[in-house]
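A.B. asks: Sequence:
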Amino acid sequence: MSFDSNADIIAGVSLGGITLLDPIAIHWEYINEHFFHRYGDNLPYHMDNYHTITYRLDDFAVELHVHAPTGLIYKLSTLPTYRGKFHDAVGIGTPIREVDLELEYDDTESGFRFPDHPGILLEPDIPHPWPSAFPHLNVDRITVFNEDYIEKAPSLTRR
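Residue numbering for the sequence shown follows full-length UniProt numbering, beginning at 1 and increasing consecutively.
You may find that some hints are simply not true.
Claimed, not checked - Listed below are the simulated EDC-like cross-link pairs for lysine to aspartate or glutamate, each with C-alpha atoms no more than 20 Å apart in a straight line:
1. 152 <-> 4
2. 85 <-> 125
3. 85 <-> 116
4. 85 <-> 100
5. 85 <-> 4
6. 85 <-> 59
7. 152 <-> 48
8. 152 <-> 140
9. 85 <-> 63
10. 85 <-> 123
11. 85 <-> 102
12. 85 <-> 140
13. 152 <-> 109
14. 85 <-> 8
15. 85 <-> 58
Keep in mind the hints are simulated off the structure, nothing from the lab.
Please model the complete structure; the sequences and the hints are all you need to start from.
C.D. replies: In structure tokens form, the structure reads like this:
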């Protein structure tokens with residue numbers, strides 16, 4: 001198993017050769033082999049909130065967002081050196097005005113969504129932009145996620 005920063009981005013399904021809802025455990029051996037020489041047993045991570053652990057894998061240009069209670073990867077984000085594309089056209093640095101698919105801006109997530117392709121968010125290079133800036137924005141980060149899992153995750157953590 002290997003990660004691939006050239007892999008296609010598939011909305012709501014995968015990014016970097018990693019499939020959403022994979023258990024982190026199936027990737028752990030590969031991650032340890034690759035990063036052990038640098039970090040030992042202390043792979044850097046941070047807690048996004050009480051239930052989410054984020055692992056930043058710079059060498060693979062990917063962030064893994066893991067639901068801690070279940071160990072499932074529910075969200076994947078690109079880092080600046082990611083080279084894969086969504087629909088063979090949209091990647092890091094793509095001008096928003098050149099995206100040939102219908103987009104909607106989501107104020108809550110501060111990014112652009114595709115109404116016909118759930119499970120993907122394009123984050124612009126300017127955080128919280130004014131609408132007048134939209135034609136001048138570029139894609140800074142692409143996130144894929146499983147919407148159904150995110151909606152039901154709170155019920156998985158209740159006791």
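A.B. asks: Take the hints in turn and mark each one as holding or not.
C.D. replies: Okay, the hints, checked on the actual structure:
Taken as a hint, the residue 152 and residue 4 pair is broken in the structure, with Cα atoms around 29 Å apart against an allowance of 20 Å. With a C-alpha separation of about 17 Å, the suggested pair residue 85 and residue 125 falls inside the 20 Å cut-off, and the hint holds. Pair hint residue 85 plus residue 116 holds up; C-alpha atoms about 17 Å apart against a cutoff of 20 Å. A hinted pair counts as satisfied when its Cα atoms are at most 20 Å apart, and residue 85 with residue 100 qualifies at roughly 13 Å.
Note on residue 85 and residue 4: the hinted pairing holds, with a Cα-Cα distance of about 12 Å set against a maximum of 20 Å. Distance hint between residue 85 and residue 59 is fulfilled; the C-alpha atoms sit about 18 Å from each other, no more than 20 Å. A C-alpha spacing of about 18 Å is found between residue 152 and residue 48, which places the hinted pair at or below 20 Å, so the restraint holds. The straight-line distance between the Cα atoms of residue 152 and residue 140 is roughly 28 Å, outside the 20 Å bound, and the hint therefore fails.
Straight-line distance between C-alpha atoms of residue 85 and residue 63 comes to about 16 Å, which keeps the hinted pair within the 20 Å bound. Distance restraint check for residue 85 and residue 123: the Cα-Cα separation of roughly 14 Å lies within the 20 Å cut-off, and the hinted pair is therefore satisfied. Annotation: proposed proximity of residue 85 to residue 102 holds, straight-line Cα distance about 17 Å (limit 20 Å). Straight-line distance between C-alpha atoms of residue 85 and residue 140 comes to about 13 Å, which keeps the hinted pair within the 20 Å bound.
Between residue 152 and residue 109 the CA atoms are separated by roughly 18 Å; this keeps the pair inside 20 Å, and the hint holds. The straight-line distance between the Cα atoms of residue 85 and residue 8 is roughly 5 Å, inside the 20 Å bound, and the hint therefore holds. For the given pair, residue 85 sits about 18 Å from residue 58 by alpha-carbon distance, which is consistent with the 20 Å threshold.
Hints 1, 8 from the list above are not met by this structure, while the remaining hints are.
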